[in-house]
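**Student:** Using the sequences and the accompanying hints, generate a full structural model.
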Amino acid sequence: MIFFNAFLLSGLICMLGQFILDNTKLTPGHVTSLFTVFGAILSFFGIYEKLIKWAGAGATVVISNFGHLLYQAGIAGFQEFGILGFFSGLLTKSSAAIVSAIIFSFVLTLVFKPKD
Amino acid sequence: MNQDEYKKLVDEITPKENKLKNAIVAFFIGGLIGFVGQVVVTILMTSFEMENVEAYTWLCIFIILFGSVCTALGFFDNLVTKAKAGLIVPTTGFAHSITSAALDYKKEGMITGLGANFFKLAGSVLLYGIIAAFFLSILGVMIYG
Chain B
1 MIFFNAFLLS
11 GLICMLGQFI
21 LDNTKLTPGH
31 VTSLFTVFGA
41 ILSFFGIYEK
51 LIKWAGAGAT
61 VVISNFGHLL
71 YQAGIAGFQE
81 FGILGFFSGL
91 LTKSSAAIVS
101 AIIFSFVLTL
111 VFKPKD
Chain X
1001 MNQDEYKKLV
1011 DEITPKENKL
1021 KNAIVAFFIG
1031 GLIGFVGQVV
1041 VTILMTSFEM
1051 ENVEAYTWLC
1061 IFIILFGSVC
1071 TALGFFDNLV
1081 TKAKAGLIVP
1091 TTGFAHSITS
1101 AALDYKKEGM
1111 ITGLGANFFK
1121 LAGSVLLYGI
1131 IAAFFLSILG
1141 VMIYG
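Listed in order, the protein sequences are those of chains B and X. First residue of the first sequence? That's 1 in this note's numbering, and the numbers climb one at a time after it. First residue of the second sequence? That's 1001 in this note's numbering, and the numbers climb one at a time after it.
Because the hints were derived from the structure by calculation, they are not lab data. A portion of the hints provided could be inaccurate.
What the hints assert, rightly or not - The calculated lysine-lysine pairs, modelled on DSSO-like cross-linking and capped at a C-alpha distance of 30 Å, are:
(1) X:K1120 <-> X:K1106
(2) X:K1007 <-> X:K1082
(3) X:K1107 <-> X:K1021
(4) B:K25 <-> X:K1120
(5) X:K1008 <-> B:K113
(6) X:K1008 <-> X:K1082
(7) B:K113 <-> X:K1106
(8) B:K113 <-> B:K50
(9) X:K1019 <-> B:K25
(10) X:K1082 <-> X:K1120
(11) X:K1019 <-> X:K1082
(12) B:K113 <-> X:K1007
(13) B:K113 <-> X:K1082
(14) B:K25 <-> X:K1008
(15) B:K93 <-> X:K1120
(16) X:K1106 <-> B:K53
(17) B:K53 <-> B:K25
(18) X:K1008 <-> X:K1021
(19) X:K1107 <-> X:K1120
(20) X:K1007 <-> X:K1019
(21) X:K1019 <-> X:K1120
(22) X:K1106 <-> X:K1082
(23) X:K1019 <-> B:K113
(24) X:K1107 <-> X:K1082
(25) X:K1021 <-> B:K113
(26) X:K1021 <-> X:K1007
(27) X:K1008 <-> X:K1019
**Tutor:** Given below as structure tokens:
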């Protein structure tokens, strides 16, 4: 059942993004930033955790998961290091996404040429 | 021809984007990514005996690799025009924005070109995500303890 839920949730989130792109003047940059912040807000209310439990990867493949990871890392950082944790812990959980995006992009850029 | 007539003519000639079709395409492509992602996570958890978090992190890396490779090979832009938000909203869009910026500015030099423009498009996601999460997590600690 989780496979169907994953399809449904990520599909609906993408459809919402398409709806915003088609009906407003917002660009893909606006939509992804908006969804990231929205992910952090949903995580704040404890909803995102439930979405992941319900839809699994359906909730983690979309960009809002980045906001969720940032928020959760902030909380985990505070629990471990106190106030310092907000600064030192915020990027810990999302490190994989940031580092892999940087490494893959850089290496591929050295190998490939841009297509016109 | 006055302005009103001209505007009318432009409206008639400009091809109308089929919003319903776009929404359905975005739903199916986005859904497919979520579905395949769940299949990958299930395989990682059962065959490789990974923890939940570990499997999701690997999935995230795979998706970013997929987005970067598709962009570098030059067919991501074609895919985006077909799949629309179905590829922009998943993490593939994040990878695409970094790789395409890096490729576009490579010719302007490693520092002033590639380095300075690497996060040109993805910067807003990082900036606003970090700002929102920072203040929300402080608020969260204050409220939930």
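**Student:** State for each hint whether it applies.
**Tutor:** Hints and how they fare:
For the given pair, K1120 (chain X) sits about 13 Å from K1106 (chain X) by alpha-carbon distance, which is consistent with the 30 Å threshold. About 28 Å separates the Cα atoms of K1007 (chain X) and K1082 (chain X), which keeps this hinted pair within 30 Å; it holds. For a cut-off of 30 Å, the pair hint linking K1107 (chain X) to K1021 (chain X) is broken: about 38 Å separates their Cα positions. A C-alpha spacing of about 20 Å is found between K25 (chain B) and K1120 (chain X), which places the hinted pair at or below 30 Å, so the restraint holds.
Distance restraint check for K1008 (chain X) and K113 (chain B): the Cα-Cα separation of roughly 43 Å exceeds the 30 Å cut-off, and the hinted pair is therefore not satisfied. About 28 Å separates the Cα atoms of K1008 (chain X) and K1082 (chain X), which keeps this hinted pair within 30 Å; it holds. With a CA separation close to 9 Å, the supplied pair K113 (chain B) and K1106 (chain X) stays within the 30 Å bound. Distance hint between K113 (chain B) and K50 (chain B) is unfulfilled; the C-alpha atoms sit about 43 Å from each other, more than 30 Å.
This hinted pair checks out: K1019 (chain X) and K25 (chain B) have alpha carbons roughly 14 Å apart, not beyond 30 Å. Only pairs whose Cα atoms come within 30 Å are accepted, and K1082 (chain X) paired with K1120 (chain X) is accepted, the gap being roughly 24 Å. Annotation: proposed proximity of K1019 (chain X) to K1082 (chain X) holds, straight-line Cα distance about 13 Å (limit 30 Å). The hinted pair formed by K113 (chain B) and K1007 (chain X) fails the criterion: a straight-line CA distance of about 41 Å is larger than 30 Å.
Proposed proximity of K113 (chain B) and K1082 (chain X) is supported: the alpha carbons are some 23 Å apart, at most 30 Å. Proposed proximity of K25 (chain B) and K1008 (chain X) is supported: the alpha carbons are some 20 Å apart, at most 30 Å. In summary, the hint linking K93 (chain B) to K1120 (chain X) is supported, as the alpha carbons are separated by about 23 Å, within the 30 Å threshold. Between the alpha carbons of K1106 (chain X) and K53 (chain B) the distance comes to roughly 42 Å, so the proposed pair goes past 30 Å and is violated.
Only pairs whose Cα atoms come within 30 Å are accepted, and K53 (chain B) paired with K25 (chain B) is rejected, the gap being roughly 34 Å. At roughly 25 Å between alpha-carbon atoms, K1008 (chain X) and K1021 (chain X) fall within 30 Å of each other, so this suggested pair holds. Proposed proximity of K1107 (chain X) and K1120 (chain X) is supported: the alpha carbons are some 16 Å apart, at most 30 Å. Using a Cα cut-off of 30 Å, the hinted pair K1007 (chain X) and K1019 (chain X) holds, with the two alpha carbons roughly 22 Å apart.
Restraint check: the Cα-Cα separation between K1019 (chain X) and K1120 (chain X) comes to about 29 Å, which is no more than 30 Å; the hinted pair holds. Annotation: proposed proximity of K1106 (chain X) to K1082 (chain X) holds, straight-line Cα distance about 27 Å (limit 30 Å). Among the hinted pairs, K1019 (chain X) with K113 (chain B) is inconsistent with the structure: their alpha-carbon atoms are about 34 Å apart, more than 30 Å. Proximity of K1107 (chain X) to K1082 (chain X) is assessed by CA-CA distance (about 29 Å); at most 30 Å being required, the pair is judged to hold.
Restraint check: the Cα-Cα separation between K1021 (chain X) and K113 (chain B) comes to about 33 Å, which exceeds 30 Å; the hinted pair is violated. Restraint check: the Cα-Cα separation between K1021 (chain X) and K1007 (chain X) comes to about 26 Å, which is no more than 30 Å; the hinted pair holds. Taking the CA atoms of K1008 (chain X) and K1019 (chain X), the gap is about 21 Å. The hint holds against a cut of 30 Å.
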